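Participant: Residue numbers (the UniProt record's numbering), protein chains in the order written: chain W, 1 to 582; chain R, 1 to 169.
What the hints contain is simulated information worked out from the structure, not anything from laboratory work. The structure presented is a predicted model; accordingly, all values stated were derived computationally and were not measured. Among the clues, some could well be false.
Said to hold, decoys possible - Straight-line alpha carbon distances no greater than 20 angstroms define the calculated EDC-like cross-link-like pairs of lysine to aspartate or glutamate that follow: (1) W:K134 with R:E18; (2) R:K79 with W:D307; (3) W:K182 with R:D43; (4) W:K182 with R:E49; (5) W:K138 with R:D72; (6) W:K189 with R:D72; (7) W:K182 with R:D72; (8) W:K138 with R:E18; (9) W:K185 with R:D16; (10) W:K134 with R:E49.
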Amino acid sequence: MGTEITGAEIVVQSLIDLGVEVVFGYPGGAVLPIYDALFQQNRIRHILVRHEQAAVHAAEGYARASGKVGVVLVTSGPGATNAVTGITDALMDSIPLVVLTGQVPTHLIGTDAFQECDTVGITRHCSKHNYLVKETAKLGPVLHEAFYIARSGRPGPVVIDIPKDVQIMKARYAKPGAITHKTYKPQVKGDLAAIEAAVDMLAAAERPILYTGGGIINSGPIASQLLRELAKVTGAPVTSTLMGLGSFGHEHPQFLGMLGMHGSYEANMAMNRCDLMVCLGARFDDRVTGRLDAFSPHSRKIHVDIDRSSFNKTVRVDLTIQGDVGSVMEDMLKVWRARGHRAADQKAWWAQIEGWRARNSFGFEQKGDSLLPQKAIQRLYEMTKAKKPIISTEVGQHQMWAAQHFGFHDPNKWLTSGGLGTMGYGLPAAIGAQLAFPGALVIDIAGEASIQMNIQELGTAVQYRLPVKIFIINNEYMGMVRQWQELNHGSRYSESYSDSLPDFVKLAEAYGWKGIVIEGPDDLDAGIQAMLDHPGPVVVDCRVAKLANCFPMIPSGAAHTDMILSAADERGEADDDAKALV
Amino acid sequence: MKHLPSERHTLSILVDNEAGVLARIVGLFSARGYNIESLTVADVSDNHEVSRITLVTNGPPPVIDQIMAQLDRLVPVHKVVDLTDWGPHVEREMALVKVAGVGDKRVEALRLADIFRARPVDTSTASFVFEVSGSTEKVNQFIALMREVGLVEVARTGVVAIARGAEAV
Chain W
1 MGTEITGAEI VVQSLIDLGV EVVFGYPGGA VLPIYDALFQ QNRIRHILVR HEQAAVHAAE
61 GYARASGKVG VVLVTSGPGA TNAVTGITDA LMDSIPLVVL TGQVPTHLIG TDAFQECDTV
121 GITRHCSKHN YLVKETAKLG PVLHEAFYIA RSGRPGPVVI DIPKDVQIMK ARYAKPGAIT
181 HKTYKPQVKG DLAAIEAAVD MLAAAERPIL YTGGGIINSG PIASQLLREL AKVTGAPVTS
241 TLMGLGSFGH EHPQFLGMLG MHGSYEANMA MNRCDLMVCL GARFDDRVTG RLDAFSPHSR
301 KIHVDIDRSS FNKTVRVDLT IQGDVGSVME DMLKVWRARG HRAADQKAWW AQIEGWRARN
361 SFGFEQKGDS LLPQKAIQRL YEMTKAKKPI ISTEVGQHQM WAAQHFGFHD PNKWLTSGGL
421 GTMGYGLPAA IGAQLAFPGA LVIDIAGEAS IQMNIQELGT AVQYRLPVKI FIINNEYMGM
481 VRQWQELNHG SRYSESYSDS LPDFVKLAEA YGWKGIVIEG PDDLDAGIQA MLDHPGPVVV
541 DCRVAKLANC FPMIPSGAAH TDMILSAADE RGEADDDAKA LV
Chain R
1 MKHLPSERHT LSILVDNEAG VLARIVGLFS ARGYNIESLT VADVSDNHEV SRITLVTNGP
61 PPVIDQIMAQ LDRLVPVHKV VDLTDWGPHV EREMALVKVA GVGDKRVEAL RLADIFRARP
121 VDTSTASFVF EVSGSTEKVN QFIALMREVG LVEVARTGVV AIARGAEAV
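Using the sequences and the hints given, assemble the complete structure.
Facilitator: Written out as structure tokens, the structure reads:
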């Protein structure tokens, strides 16, 4: 303990002590001392991305797939500002990250120095917490505290800004014991009286529904197990948000599929008509609720969340239980069994649900001879499901089709940008997941527009021999933009055509990837098989029907009961109130 | 729920006395569209580790609940108390009020100040600076009267507040 080491060495030693195996980053002037310290050790692997935004998404993919904290290292100024989109994405989707940013030396802060920006100012409201460390001796404690804050409670990104002189100066470092924080104390255990009340409500409900979200994934794989048990004992139907997919097996008869704007008819109708809604680790997001004054008007609502600020934010609920959703479900099951509850008779409820389910809202009709995107994703699922793939997505129609038509059995296999909706998320996230699970099949289901937002990461995958697959649903449009223009703006396709697309096969080959084109339905299976047979990274340019739209859909500002089930129900032009909504 | 009638609430927020904490609080209000009627902040601890912010806001009850929850989850926040919900509490505000004038107006200003127990803390042959303290309403009223006798400018502290009785929040 006696010797002093440099701040940079403290950073690296802390990361080692925290069990960090991988850091995603990009060097620059203000982090050179840390890069030098990284060079002189062999415990932590550094993954050099091609753009700092991708470093953060890669760390998110790594974190989401592995349940560990993702770590990012970038330089000051543009390094930090490029990371902001990823940091915001992680905040919206509650992904645990620690982002280390270099800063100009302390005596230059505030002078508009080269590559200076106010990183803590810029990230203050897009991070869970942030620090500017001005003393080398504080680096160790701050790093350990930052990891604790990032992964505990509602997880999120924590930014640590480290001026260059603080990296150079020396101080003593000792690995701290268990971290406690003087003000930050997340509540993990739910209030027992509230849990008992919730269980009694659930036992008495005739039309219950479990509305589950990303909190169950964040709580760890055990929470998914507990959800399955809770569904079993209560007999209640289960629906999931986009972020929660995989926490409940998609093929299970009690699963109604995803809910919300592009969710299933049965999930949305069941949400509307239930008499008891149990929200488990979800947050009544606007994509889920649709028009608030028509949201589930006749139900009592229970909300389980680790973050008190999620309660009653947009939807008033009858009972709140603050705590980790896994811990709360465990207690709910204990109470359920201790009280000898049996599920109420739900025959009529399930008959109703089966009626909605019979509408087959995710169904699609093959017209003409073009390849439908839904079909492409279905086949991709069928041909890869035995390998239990990890799927990432970009943002847009392909993302929703993937959520609808790919089947998810297990948690941590589905990486998508839900809250922020960040195009360009999928490829770096897939790279991060592949690093966490080198032997897994990792596929980025992409759109031809989104993929170009972080296309430079093709190089990263090659450098680290990561056999990531990219499956581009190529319809030559920013499809979701075009769909909204069709629905709300008289089909005036303002700037939504993907003009001047690259030859994706040549592009892939230029980076050392394999490139495959699927021209139509006849090539589909062979193309997917060729992708799977190639041991290295593959880009598949899957040309699909250009004008297919994503249905079902709850238009903005509409209620769950006003779902558009197919193109035949489109309105063409929306009123101004609807146009003003996102 | 934002269409319910608005209520005025006075919050006491105990925070780490560190750079950036105030920006975090103020930024939360601007980012989420909450109102700030007034805000005061000062170090209140022996060891200079804790600052106390008194913040007056307004909004419908569910929004006030949200504000409390959002403040409470900030890492450097020790404690948030809604004094309006807590119960009896004292609110005070101080203002420095500059009035210029000669003759009758000057005399009237001094007389009114006396009624309000406002103390002249600076004077010249043609002006006064009065120090007045009390509830927001009292300060408002005093300033309104001063307008008629030559008000020049006002500096106000905003509200500070503390619960009545022996207990700390």
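Participant: Checking each numbered hint in turn, tell me which of them this model violates, lowest number first.
Facilitator: As far as the earlier hints go, only 5 is violated by this structure.
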